[in-house]
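Listed in order, the protein sequences are those of chains A and B.
Numbering (numbering that gives the first Met the number 0) for the first sequence: 0 to 377.
Numbering (numbering that gives the first Met the number 0) for the second sequence: 0 to 292.
The hints are simulated quantities; they were obtained by calculation from the structure and are not laboratory data.
For glycine and all other residues, C-beta sits at the position ideal for the given N, C-alpha and C.
Any given hint could turn out to be false.
[Stated by the list, open to error] What follows is a set of in silico ranges between Cβ atoms, one per label pair, in the way DEER data are often shown:
| no. | chain 1 | residue 1 | chain 2 | residue 2 | range |
| --- | --- | --- | --- | --- | --- |
| 1 | B | Ala115 | A | Asn82 | 44 to 50 Å |
| 2 | B | Met271 | A | Ala111 | 35 to 41 Å |
| 3 | B | Ala276 | A | Asn82 | 38 to 44 Å |
| 4 | A | Asn82 | B | Leu172 | 22 to 28 Å |
| 5 | A | Val17 | B | Lys96 | 20 to 26 Å |
| 6 | B | Leu89 | A | Val182 | 50 to 56 Å |
| 7 | A | Ala105 | B | Val221 | 29 to 35 Å |
| 8 | B | Gln93 | A | Ser60 | 18 to 24 Å |
| 9 | A | Asn82 | B | Leu23 | 29 to 35 Å |
| 10 | B | Met141 | A | Lys6 | 37 to 43 Å |
| 11 | B | Gly236 | A | Lys100 | 43 to 49 Å |
| 12 | A | Tyr12 | B | Ala115 | 40 to 46 Å |
| 13 | A | Glu108 | B | Tyr104 | 43 to 49 Å |
| 14 | A | Lys6 | B | Gly102 | 34 to 40 Å |
[As the list claims (entries may be wrong)] Restricting the straight-line Cα-Cα distance to at most 30 Å, the calculated cross-link-like pairs of lysine-lysine (DSS-like) are:
| no. | chain 1 | residue 1 | chain 2 | residue 2 |
| --- | --- | --- | --- | --- |
| 15 | A | Lys118 | A | Lys100 |
| 16 | A | Lys118 | A | Lys6 |
| 17 | A | Lys100 | B | Lys150 |
| 18 | B | Lys8 | B | Lys150 |
| 19 | A | Lys56 | A | Lys118 |
| 20 | B | Lys241 | A | Lys56 |
| 21 | A | Lys129 | A | Lys56 |
| 22 | A | Lys56 | B | Lys150 |
| 23 | A | Lys106 | A | Lys129 |
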Amino acid sequence: MARISLKDVRKSYGATEVIHGVSIDVDDGEFVVIVGPSGCGKSTLLRMVAGLEVITKGTISIDGRVVNDLEPRARDIAMVFQNYALYPHMSVRENMAYGLKISGMAKPEIAARVARAAKMLELAPYLDRKPRALSGGQRQRVAMGRALVRDPAAFLLDEPLSNLDAKLRVQMRLQIKQLQRSVGTTSLYVTHDQVEAMTLADRLIVMNAGRAEQIDTPMAIYERPASTFVAGFIGSPAMNLVPVTVAEGGVVLPGGTVLALPGLALPAVGSALRFGVRPEHLQAQSPDSGAPEAQASESGMPEAPALTLEVFAVETLGADAYAHCLFPGGSDHPDEGFVVRLPGNTAARQGDRIRVSLDLSALHLFDDTSGRRIGEAV
Amino acid sequence: MNRATFPHKYLPWLLIAPQLAISLVFFYWPALQALRQSLLREDAFGLKTQFVGLTNFARVLSDPAYVNSIKVTTLFSALTAGLSMGIALLLAVQAEKLVRGKGLYRVLMIWPYAVAPAIAGMLWLFMFNPSFGTLALPLRWMGVQWDPLLKGNQAMALVVAAASWKQISYNFLFFVAGLQAIPRSLIEAAAIDGAGPARRFWTIVFPLLAPTTFFLLVVNTVYALFDTFGIIHAVTGGGPGKSTETLVYKVYNDGFVNLILGDSAAQSVVLMVIVIALTAVQFRYVERRVHYG
Ligand SMILES: Nc1ncnc2c1ncn2[C@@H]1O[C@H](COP(=O)(O)OP(=O)(O)O)[C@@H](O)[C@H]1O
Ligand SMILES: [Mg+2]
Numbered sequence: 000m001a002r003i004s005l006k007d008v009r010k011s012y013g014a015t016e017v018i019h020g021v022s023i024d025v026d027d028g029e030f031v032v033i034v035g036p037s038g039c040g041k042s043t044l045l046r047m048v049a050g051l052e053v054i055t056k057g058t059i060s061i062d063g064r065v066v067n068d069l070e071p072r073a074r075d076i077a078m079v080f081q082n083y084a085l086y087p088h089m090s091v092r093e094n095m096a097y098g099l100k101i102s103g104m105a106k107p108e109i110a111a112r113v114a115r116a117a118k119m120l121e122l123a124p125y126l127d128r129k130p131r132a133l134s135g136g137q138r139q140r141v142a143m144g145r146a147l148v149r150d151p152a153a154f155l156l157d158e159p160l161s162n163l164d165a166k167l168r169v170q171m172r173l174q175i176k177q178l179q180r181s182v183g184t185t186s187l188y189v190t191h192d193q194v195e196a197m198t199l200a201d202r203l204i205v206m207n208a209g210r211a212e213q214i215d216t217p218m219a220i221y222e223r224p225a226s227t228f229v230a231g232f233i234g235s236p237a238m239n240l241v242p243v244t245v246a247e248g249g250v251v252l253p254g255g256t257v258l259a260l261p262g263l264a265l266p267a268v269g270s271a272l273r274f275g276v277r278p279e280h281l282q283a284q285s286p287d288s289g290a291p292e293a294q295a296s297e298s299g300m301p302e303a304p305a306l307t308l309e310v311f312a313v314e315t316l317g318a319d320a321y322a323h324c325l326f327p328g329g330s331d332h333p334d335e336g337f338v339v340r341l342p343g344n345t346a347a348r349q350g351d352r353i354r355v356s357l358d359l360s361a362l363h364l365f366d367d368t369s370g371r372r373i374g375e376a377v
Numbered sequence: 000m001n002r003a004t005f006p007h008k009y010l011p012w013l014l015i016a017p018q019l020a021i022s023l024v025f026f027y028w029p030a031l032q033a034l035r036q037s038l039l040r041e042d043a044f045g046l047k048t049q050f051v052g053l054t055n056f057a058r059v060l061s062d063p064a065y066v067n068s069i070k071v072t073t074l075f076s077a078l079t080a081g082l083s084m085g086i087a088l089l090l091a092v093q094a095e096k097l098v099r100g101k102g103l104y105r106v107l108m109i110w111p112y113a114v115a116p117a118i119a120g121m122l123w124l125f126m127f128n129p130s131f132g133t134l135a136l137p138l139r140w141m142g143v144q145w146d147p148l149l150k151g152n153q154a155m156a157l158v159v160a161a162a163s164w165k166q167i168s169y170n171f172l173f174f175v176a177g178l179q180a181i182p183r184s185l186i187e188a189a190a191i192d193g194a195g196p197a198r199r200f201w202t203i204v205f206p207l208l209a210p211t212t213f214f215l216l217v218v219n220t221v222y223a224l225f226d227t228f229g230i231i232h233a234v235t236g237g238g239p240g241k242s243t244e245t246l247v248y249k250v251y252n253d254g255f256v257n258l259i260l261g262d263s264a265a266q267s268v269v270l271m272v273i274v275i276a277l278t279a280v281q282f283r284y285v286e287r288r289v290h291y292g
């Protein structure tokens, strides 16, 4: 077990820099997930930790020892690859034993470790099969087993579940989490799937274009995303992020309506902002009727600000339905789309007007140009 | 299963006709001729031919010169195939490691293949000519009594070198392709598992190259047996004293130089049987150990 520490790590291919200075500290036994869209540099970062890519600048240390110039085999890590990288000419048993054999471990000890891992991963019946005679899920477990038997200081996992079908992915996700809990090995896990990231991580690193945008616990990131990128990336469906301008005591929504935001510290009048609120944090006020607007704020709930929206499509998922709306009088630019979570049995239809209220505590404001979060008071 | 049917009845035949014609004229026809010839005996002046059954075969197989030729061929083929494949594999592995200039390196490696066998033979002959060969000189400095025109072993070394050199390009190409088909992540996984470069090669790369290696083994054996005639002819002419007279060369020598047609034909039939048997054995026993992806 070990701590992994990255200090201002950079990577360039030729003249192009793809990792622009990432610093991370992974605690002993911690499960840290790196999440970000494809191409943002997650694999590159992980491969630098593994020793498969040269570190252009910065230092990586494992358990206090700088490993920049160490061969992969001297780093005491195990890696699970996206395509599993099982040795096709070896049986499952040989695949798992390969690293142990090289380390010169005694045969009975190897057999015992392989047997233990096989039992944990329910691979015992397949030990003598070649990888090609296994299903995707079984191959994935062999790859896990190969990492597990070595009992390394840290596990590195590069999208280990992305080649599995949806159901198996959920199953394996739970299994990986349990496994990591029980062995307690420090793990660095890369994925582009935010659900995977949220569910697995002790701590989450959201990456974007070669930078770590935010590093925090999944819940903290969900509740206080540091930028529009993080806000849009974490959470499903994505947070609504509409362009607004600051007015006296509130903001001007698309379509020209002014939304009063009493008691909120706003930047100077006229500043361009992104107004963010998650679909699940909106309450439909006048249940699904095409009720005339305007009165609600006087007669209904007193404090909560409310907006009027026009429904243009409803997606029903069963328990929930998502109403895709636009602002009356606004444009149909994708940026101005606004999604509201409704009960699954909602009567809202295309063309209806709905009125939704929002909690000020669930409101996020971002600077429109830099994308950074503003208003620490919120 | 539904078979795809094509409206044309004669077109398929027309399309394979050229290949069939070539095989008929250049393979089946001569093979049948050889078979016929091997059962006949011609008198010294070519006036009469008579049917003699298997007499030619009996005489050929009991001839010590023929047994010698079998030994020479075995040695020559094993050395040529082994050397050309070994060196090609080494070069291919080194080429994979290159970051820059990979393309140029490959092109340069392929050139020898374009050289005709007889010319390749002459090249080596000149380079290692005892009196003026550029490369014979350093050999002599090293204290080697270099004279392939008189010493059988040295003549063998020279033809093996020339024959291997020419075949390295071909093997190199296939090994490069074979190496590229091995996923990088396997090598990386092995590196993380603790294997050093040599170990990675012998436990991962080499076993996964087996299909390529096996294919090349068959091709190189056939090459060494048949396609090296030009090289041997140019470099040693089978000498000195039959020390480089391979089976193919002996067929030529007995049939076209000494005009013992019956013996020569019998030898070529035996050769045909040997090659068929050898290929069958390779497929039957060696291929079992090959792991195809
Ligand atoms: N060998 C390479 N040469 C040049 N560019 C590369 C190389 N490998 C990756 N990249 C670039 O680095 C960036 C990050 O890649 P990667 O780490 O694979 O992203 P991710 O795993 O997040 O999808 C990409 O823009 C990719 O094009
Ligand atoms: Mg990747």
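Cross-check of the supplied hints:
In this structure the hint that Ala115/B and Asn82/A lie 44 to 50 Å apart at CB holds, the actual value being about 45 Å. One distance hint, 35 to 41 Å for the beta-carbon pair Met271/B and Ala111/A, is violated here, with the actual separation near 57 Å. One distance hint, 38 to 44 Å for the beta-carbon pair Ala276/B and Asn82/A, holds here, with the actual separation near 42 Å. At roughly 27 Å, the beta-carbon separation of Asn82/A and Leu172/B lies within the given 22 to 28 Å, and the hint holds.
Separated by about 23 Å at the C-beta atoms, Val17/A and Lys96/B satisfy the suggested range of 20 to 26 Å. About 42 Å separates the C-beta atoms of Leu89/B and Val182/A, a value inconsistent with the hinted range of 50 to 56 Å. A C-beta distance of roughly 47 Å is found between Ala105/A and Val221/B, which places it outside the suggested range of 29 to 35 Å. Roughly 34 Å separates the CB atoms of Gln93/B and Ser60/A, a value that falls outside the hinted 18 to 24 Å.
For the pair Asn82/A and Leu23/B, the supplied restraint of 29 to 35 Å is violated, since their beta-carbon distance comes to about 49 Å. Under the hint 37 to 43 Å, the C-beta atoms of Met141/B and Lys6/A, about 56 Å apart, miss the expected range. Look at Gly236/B against Lys100/A: about 54 Å separates their beta carbons, and that is not inside 43 to 49 Å. At roughly 44 Å, the beta carbons of Tyr12/A and Ala115/B sit within the given window of 40 to 46 Å.
The beta-carbon spacing between Glu108/A and Tyr104/B, approximately 45 Å, falls within the hinted interval of 43 to 49 Å. For Lys6/A and Gly102/B, the hinted distance range of 34 to 40 Å is satisfied, since their beta carbons lie about 39 Å from each other. The straight-line distance between the Cα atoms of Lys118/A and Lys100/A is roughly 20 Å, inside the 30 Å bound, and the hint therefore holds. Our distance criterion of 30 Å between C-alpha atoms is broken by Lys118/A and Lys6/A, whose separation comes to about 39 Å.
With a CA separation close to 49 Å, the supplied pair Lys100/A and Lys150/B exceeds the 30 Å bound. Distance hint between Lys8/B and Lys150/B is unfulfilled; the C-alpha atoms sit about 62 Å from each other, more than 30 Å. Straight-line distance between C-alpha atoms of Lys56/A and Lys118/A comes to about 42 Å, which puts the hinted pair past the 30 Å bound. With a C-alpha separation of about 66 Å, the suggested pairing of Lys241/B with Lys56/A is violated against the 30 Å cut-off.
Only pairs whose Cα atoms come within 30 Å are accepted, and Lys129/A paired with Lys56/A is rejected, the gap being roughly 41 Å. For a cut-off of 30 Å, the pair hint linking Lys56/A to Lys150/B is broken: about 62 Å separates their Cα positions. Taking the CA atoms of Lys106/A and Lys129/A, the gap is about 21 Å. The hint holds against a cut of 30 Å.
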